[in-house]
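Residue numbers (the numbering used here), protein chains in the order written: chain Z, 1 to 144; chain H, 145 to 808.
Note that these hints are calculated values from the structure, not bench results. Idealized CB from N, CA, C, for every residue including glycine. Among the hints, erroneous ones may be present.
BS3-like cross-link-like pairs, simulated, lysine-lysine; straight-line CA separation at most 27 Å [stated by the list, open to error]: (1) K808/H <-> K122/Z; (2) K166/H <-> K116/Z; (3) K285/H <-> K365/H; (4) K116/Z <-> K585/H; (5) K365/H <-> K343/H; (6) K135/Z <-> K808/H; (7) K250/H <-> K116/Z; (8) K7/Z <-> K166/H; (9) K616/H <-> K7/Z; (10) K135/Z <-> K7/Z; (11) K250/H <-> K122/Z; (12) K546/H <-> K567/H; (13) K544/H <-> K609/H; (14) K400/H <-> K365/H; (15) K116/Z <-> K544/H; (16) K127/Z <-> K808/H; (17) K609/H <-> K116/Z; (18) K135/Z <-> K797/H; (19) K343/H <-> K7/Z.
Here are a few chain Z residues that sit away from chain H, every Cβ distance over 12 Å (derived from the structure) [to be verified]: (20) C15; (21) S92; (22) M93; (23) Y96; (24) R101; (25) R105; (26) D123; (27) S130; (28) K135; (29) R136.
One-sided excerpt, in silico: chain Z residues whose CB lies under 10 Å from chain H [claimed, not checked]: (30) Y6; (31) C46; (32) M51; (33) Y82.
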Amino acid sequence: MQVNEYKPLIVAFCCNWCSYAGADLAGNNRLNYPADVKIIRVPCSCRVNPMFILRAFQRGADGVIICGCHPGDCHYTSGNYYTRRRMALLFSMLDYLGIERERTRVEWVSAAEGAKFAATMKDFAEKVASLGENKRLEDLRCKK
Amino acid sequence: MQRIGVFVCHCGTNIAGTVDVKAVAEALKNEPGVVFSTDYQYMCSQSGQNMIKEAVAEHRLTGIVVCSCSPRMHEATFRKTAQAAGLNPYMVEIANIREQCSWVHKDMPIGTEKAVILAKAAVAKVNLNAPLTPGESPVTKRALVIGGGIAGIQTALDIADAGFPVDIVETKPTIGGKMAQLDKTFPTLDCAACILTPKMVDVAQNEKIRIFSYSEVTDVKGFVGNFDVTIKRKARYVKEDVCTGCGLCTEKCPQKNVPNEFNLGMDNRRAIYIPFAQAVPKVATIDPNYCTMLKTGKCGVCSKVCTAGAIDYSAKDEYIEERYGAIVAATGFNPISMEKFDEFAYSQSKDVITSLELERLMNAAGPTGGTLLRPSDGEHPHTIVFVQCVGSRCAACEQKGKEYCSKICCMYTAKHAMLIRDKYPDTDVYVFYIDVRTPGKNFDEFYRRAVEEYGVHYIKGMVGKVSPEGGKLKVQASDLIYGKQLHIDADLVVLAAAIEPDKSARGLATMLTASMDTNDFFTEAHPKLRPVESPTAGVFLSGTCQGPKDIPETVAQAGAAASKVIGLLAKDKLLGNPCVAHSDEMMCNGCSTCEKVCPYGAITYQDKEFRMPDRTTKVRRIAVVNEAVCQGCGACTVACMSGAMDLRGFSSKQIMAEVDAICK
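Model the full structure from these sequences, guided by the hints.
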């Protein structure tokens with residue numbers, strides 16, 4: 001029973017132009033997704049510094065997802081390509097450090113894809129929940 | 145330390161229905177920096193805004209957090225409120241507790257808990273906010289309209305009317321678009337050419353309008369107020385300013401077997417051609433795919449007959465660069481390909497045609513001179529079957545058609561049916577439909593006339609199969625109301641093909657960084673309140689590139705887009721986005737990594753003298769951001785290895801604070 005009660009903590013970085021608007025559309029259409037997902041708005045997915053993700057895992061996040069515009073559709077022309085390459089590197093490093101691949105994800109969600117946003121979040125939250133709590137990167141100094 | 149006020153909006157029951165707003169306001173009272181916290185029915189209302197202003201004065205607030213709808217909705221509203229209260233508008237942050245919380249979570253305790261966390265994250269961010277001042281940039285007072293159909297024409301005329309210069313870029317040799325191909329228009333049955341061609345002439349004669357026909361936009365740089373656009377002027381091998389449009393060359397050209405795209409391939413044109421009599425500009429164009437002279441170097445007939453000396457076989461594609469303050473996309477539509485709809489035998493029989501082809505067959509300037517004849521044998525058809533929704537409202541056949549309703553087909557089919565019955569009363573006309581959709585002024589009356597006055601047989605049901613047999617088309621269909629199968633021997637079958645955005649729209653959207661929906665229609669900034677603007681500032685939408693529309697709607701939207709453009713061009717200065725990158729010169733080591741990732745070329749380097757602790761000076765190379773060019777994506781902030789680059793309004797510290805607040 002305890003497994004069912006466990007609620008993961010998920011940080012979602014959403015680009016202002018596509019995914020954040022996609023999240024708004026999911027809201028407009030009343031498409032339910034787990035409340036474990038907390039969104040942080042960034043101007044572009046390429047604004048997400050790997051440090052933010054490390055910090056989130058250190059502070060006890062169980063999963064981090066980065067959402068941007070589809071390749072080719074970036075509001076700033078090329079930002080999402082940087083994201084794609086940076087995160088590929090970061091995620092493989094995190095994997096090496098013991099943060100399972102399933103806890104990190106990059107997704108492309110456009111402003112018109114409210115349903116995709118909700119479905120993606122639901123799927124990600126389920127995957128992360130099945131992995132259980134993230135312990136490997138938690139900074140013990142942050143614990144009170 | 146900031147003095148922050150937290151304002152939690154009920155949004156009627158939109159938020160208060162699933163979030164305990166009072167509990168949220170209460171929970172925020174003890175957050176660091178918060179000195180005042182309250183809730184109210186409608187924060188965006190006049191009294192809600194007054195409440196904020198009063199609280200700012202009373203509690204000497206330095207920062208504001210509004211827990212309400214999406215910042216995409218009301219961020220601008222609350223920034224104005226803050227400004228009116230004497231605060232810097234960028235000291236406001238929105239916690240999106242409606243779209244991200246109350247509307248997606250049904251459970252009150254869960255919704256409330258999440259709302260508190262989102263609000264705390266916003267408070268954490270405001271604690272680190274600093275006042276920002278937007279920079280100013282000049283506005284180039286010239287507009288670009290991409291597409292020369294009725295939408296582009298109307299937009300250009302309206303902008304020019306207000307006194308601003310406009311350029312139209314059209315890929316075809318003439319402006320006019322789809323409307324020029326139509327015969328009559330619903331619901332008034334007036335002739336399309338008679339109402340369109342005077343407008344085309346107006347465009348040609350307007351001093352403020354330049355037409356770049358047979359041209360394409362190949363590159364767009366810059367941003368609102370100052371777009372630098374590269375336009376490719378395809379070689380037409382005829383000097384535009386010399387050609388008189390007499391048309392002699394188009395009669396003498398020996399290459400006679402070129403499919404005429406204006407008549408949808410139903411007849412032939414020459415290799416040198418003027419698309420139609422009222423073309424604007426009325427200038428001949430040589431089709432390099434068919435011209436013998438250009439392919440083999442032997443012929444030159446057109447050059448010999450041209451008394452004006454306009455032919456130039458050595459012409460090359462030219463690229464011109466222009467700067468524009470605003471860009472209007474008016475790229476229009478095309479009927480979808482019927483190749484995948486094998487059940488209707490479109491590729492097997494010439495007598496199965498699309499509605500646009502019928503339009504040409506009924507047009508006086510069309511391949512048959514306006515007499516309705518079967519394309520296969522030139523006989524008069526006696527039984528005509530119209531099939532509605534071919535590829536429209538077709539959710540099940542995803543790979544074949546479109547999910548959406550193409551909107552115009554019900555009405556133009558009623559028009560076709562009516563015109564045929566009017567001109568050829570001995571013809572039997574059947575229309576197979578799923579629904580007849582006639583919302584619009586005088587639309588339903590028009591459809592009723594087709595049924596009641598003209599005796600068109602409307603049958604609810606779909607056509608299952610069309611098979612050509614012995615000169616006839618065997619149509620198998622179902623009548624859903626009488627629940628029986630029908631077999632009709634038709635002479636002509638007309639398919640109401642779904643419409644889709646022009647293929648060029650996708651590439652254009654990428655160049656403009658304008659967003660599109662899953663069907664490649666341009667997305668509007670707000671579906672209800674900003675229907676003619678793209679989310680990308682300075683880019684506007686006109687006509688069917690935004691969604692299926694009939695002519696009156698297109699013209700209305702074209703005018704609306706023009707008025708938005710005029711509003712922009714009338715400004716002398718634009719306030720920029722103050723959330724731009726800036727470099728800490730003490731930390732920057734001049735490595736130029738940031739310069740390489742910047743998509744706008746906003747970062748340059750300069751040598752600066754620094755005074756060292758031992759009172760000597762040292763010259764170092766440092767990055768400098770041109771704030772007028774920076775768009776604030778933040779790519780450089782992550783690329784910067786020394787941590788010198790940061791983004792105002794979305795600083796690393798602010799985002800870290802949000803992460804911390806969420807993960808607490």
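Results for each hint:
no. : hint              : in the structure
1   : K808/H <-> K122/Z : holds (22 Å)
2   : K166/H <-> K116/Z : violated (33 Å)
3   : K285/H <-> K365/H : holds (17 Å)
4   : K116/Z <-> K585/H : violated (37 Å)
5   : K365/H <-> K343/H : violated (31 Å)
6   : K135/Z <-> K808/H : holds (15 Å)
7   : K250/H <-> K116/Z : holds (19 Å)
8   : K7/Z <-> K166/H   : holds (25 Å)
9   : K616/H <-> K7/Z   : violated (67 Å)
10  : K135/Z <-> K7/Z   : holds (14 Å)
11  : K250/H <-> K122/Z : holds (15 Å)
12  : K546/H <-> K567/H : violated (33 Å)
13  : K544/H <-> K609/H : holds (16 Å)
14  : K400/H <-> K365/H : violated (42 Å)
15  : K116/Z <-> K544/H : holds (22 Å)
16  : K127/Z <-> K808/H : holds (22 Å)
17  : K609/H <-> K116/Z : violated (36 Å)
18  : K135/Z <-> K797/H : holds (24 Å)
19  : K343/H <-> K7/Z   : violated (64 Å)
20  : C15               : violated (9 Å)
21  : S92               : holds (17 Å)
22  : M93               : holds (15 Å)
23  : Y96               : holds (20 Å)
24  : R101              : holds (20 Å)
25  : R105              : holds (17 Å)
26  : D123              : holds (15 Å)
27  : S130              : holds (20 Å)
28  : K135              : holds (14 Å)
29  : R136              : holds (15 Å)
30  : Y6                : violated (14 Å)
31  : C46               : holds (4 Å)
32  : M51               : holds (7 Å)
33  : Y82               : holds (5 Å)
Going through the hint list in order, the structure does not satisfy hints 2, 4, 5, 9, 12, 14, 17, 19, 20 and 30.
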